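Residue numbers (the working numbering), protein chains in the order written: chain A, 8 to 134; chain B, 6 to 139.
Hints listed in this document are in silico derivations from the structure and should not be mistaken for laboratory results.
Treat the hints with care, as some may be off.
To be verified - Sample of chain B residues at the chain A side, in silico, Cβ under 8 Å:
no. : residue
1   : Leu-47
2   : Leu-51
3   : Leu-53
4   : Leu-54
5   : Ala-56
6   : Ala-57
7   : Arg-60
8   : Phe-63
9   : Val-66
10  : Gly-68
11  : Gly-71
12  : Leu-97
13  : Asp-100
14  : Ile-128
15  : Trp-129
As the list claims (entries may be wrong) - For each label pair, taking beta carbons as the anchor points, the in silico distance ranges come out as:
no. : chain 1 : residue 1 : chain 2 : residue 2 : range
16  : A       : Ala-107   : B       : Gly-131   : 40 to 46 Å
17  : A       : Leu-36    : B       : Gly-104   : 17 to 23 Å
18  : A       : Leu-78    : B       : Arg-111   : 34 to 40 Å
19  : A       : Phe-47    : B       : Pro-18    : 41 to 47 Å
20  : B       : Gly-104   : A       : Thr-113   : 32 to 38 Å
21  : B       : Ile-127   : A       : Leu-15    : 25 to 31 Å
22  : A       : Val-93    : B       : Ser-17    : 20 to 26 Å
23  : B       : Leu-47    : A       : Ile-109   : 15 to 21 Å
24  : B       : His-96    : A       : Ser-58    : 33 to 39 Å
25  : B       : Tyr-23    : A       : Ser-59    : 23 to 29 Å
Quick caveat, the model's predicted, so the values are computed rather than measured.
Glycine included, C-beta positions come from ideal geometry on N, C-alpha and C.
In case you want the letters, here they are:
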Amino acid sequence: MADMRTPLNKVRGLGSARGGTEHFWRQRLTAVSNIPLIIFFIGFVAAYSGSSYEEIRAALAQPVSALLMGLAFVSVLYHMRLGMQVIIEDYVHGEGWKIALILLNTFFPVIVGAIALYSLLRIAFGG
Amino acid sequence: MSKSTTQARPLSPHLQIYRFTPTMAMSIAHRITGTALYFGILLFALWLLAAASSREQFDFVNGLFGSIIGRIVIFGYSWVLIHHMLGGIRHLIWDTIHGLEKETSRRLAIANLIGSILVTLIIWGGAWAIRGGL
Numbered sequence: 008m009a010d011m012r013t014p015l016n017k018v019r020g021l022g023s024a025r026g027g028t029e030h031f032w033r034q035r036l037t038a039v040s041n042i043p044l045i046i047f048f049i050g051f052v053a054a055y056s057g058s059s060y061e062e063i064r065a066a067l068a069q070p071v072s073a074l075l076m077g078l079a080f081v082s083v084l085y086h087m088r089l090g091m092q093v094i095i096e097d098y099v100h101g102e103g104w105k106i107a108l109i110l111l112n113t114f115f116p117v118i119v120g121a122i123a124l125y126s127l128l129r130i131a132f133g134g
Numbered sequence: 006m007s008k009s010t011t012q013a014r015p016l017s018p019h020l021q022i023y024r025f026t027p028t029m030a031m032s033i034a035h036r037i038t039g040t041a042l043y044f045g046i047l048l049f050a051l052w053l054l055a056a057a058s059s060r061e062q063f064d065f066v067n068g069l070f071g072s073i074i075g076r077i078v079i080f081g082y083s084w085v086l087i088h089h090m091l092g093g094i095r096h097l098i099w100d101t102i103h104g105l106e107k108e109t110s111r112r113l114a115i116a117n118l119i120g121s122i123l124v125t126l127i128i129w130g131g132a133w134a135i136r137g138g139l
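Let the sequences and hints guide you as you build the complete structure.
Structure, rendered in structure tokens:
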């Protein structure tokens, strides 16, 4: 039976991949936000490599460092989840494996993010 | 009729038939570096957790990162991160429909590799010069 839907109707909203261009857009959005945050992150790690427990805790407790470090983790974790999803979709063809890995691809960044944000908050609030 | 189905049919060309080019190398490098960064970030989250937990745990984790192998991992991670970031900037340039010409994209691919090595060496050289050691 002929498909009566117009091409515009097919791509409007979710499209054939059930995702539209939202994935592409968010990949670019987080790529841009990653740039300044990663420059901060690399600078922080390079500056404080080899520092003592007190020095690093004091540096991470600074409001600007704590906020930038937290934002860096959120932006990077979101970005890497999008990237890994594409890799899974490209190379994993078994439907079961694909769904399992897509699930893990959400759990992993959320767990890493929870660890990082909990730690940053605890240091910032002097726990 | 039967001849056409039993005869070995030509396969569509795959990767091995193409001459390997810098743009191809940097394309797959972008995925490999992205995957390495994906798992490597867990190390930094655990480092933060150790800093948030106790001095003993921090000293243990920081000791691992401060070992020779730890330093190689961190140096390598920073290189991979910078390589992926410069590769990402290359993609953002392409998104504006610039730099897609054959020669320009080839130069961008080579610049990506050389740039990532130079920036990594400058950062750690700078940190070493300021702190007097890594």
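* Classify the hint on Gly-71 of chain B as holds or violated, based on whether any CB of chain A lies nearer than 8 Å to its CB. => holds, 6 Å
* **Hint validity - Arg-60 of chain B Cβ closer than 8 Å to any chain A Cβ** => Constraint on Arg-60 of chain B satisfied, holds at 5 Å.
* Under 8 Å, Cβ to Cβ, is where Leu-97 of chain B needs to be relative to chain A, so tell me if that hint holds or is violated. => Result: holds, 6 Å to nearest chain A Cβ.
* To do: Please verify that hint: Ala-56 of chain B, Cβ, nearest Cβ of chain A, below 8 Å or not.
  => Since chain A brings a Cβ to about 6 Å from Ala-56 of chain B, closer than 8 Å, the hint holds.
* **Cut-off 8 Å, beta-carbon criterion: hint that Ile-128 of chain B touches chain A** => Hint holds; Ile-128 of chain B Cβ to chain A Cβ min 5 Å, cut 8 Å.
* For Leu-36 of chain A and Gly-104 of chain B, compare the CB-CB distance with the range 17 to 23 Å and indicate the outcome. => Given a distance of about 21 Å, which is inside 17 to 23 Å, the answer is holds.
* To do: Please test the hint of 32 to 38 Å on the beta carbon pair from Gly-104 of chain B and Thr-113 of chain A.
  => holds, 34 Å
* Close enough to count: is the Cβ of Leu-51 of chain B nearer than 8 Å to one in chain A? -> Status holds, d = 7 Å.
* Supplied contact hint for Leu-47 of chain B, tested at 8 Å Cβ to chain A -> Since the shortest Cβ distance to chain A is 6 Å, the answer is holds.
* **Restraint outcome when Trp-129 of chain B is required to lie within 8 Å of chain A by C-beta distance** => Holds. Min distance 6 Å.
* Satisfaction of the Gly-68 of chain B interface hint, Cβ to chain A closer than 8 Å -> Violated. Min distance 11 Å.
* Would you settle whether the hint for Ala-57 of chain B is holds or violated, based on the nearest Cβ-Cβ distance to chain A being less than 8 Å? => At 4 Å from the nearest chain A Cβ, Ala-57 of chain B passes the 8 Å test, so the hint holds.
Hint compliance for this structure: hints 9, 10, 21 and 25 are broken, all remaining hints hold.
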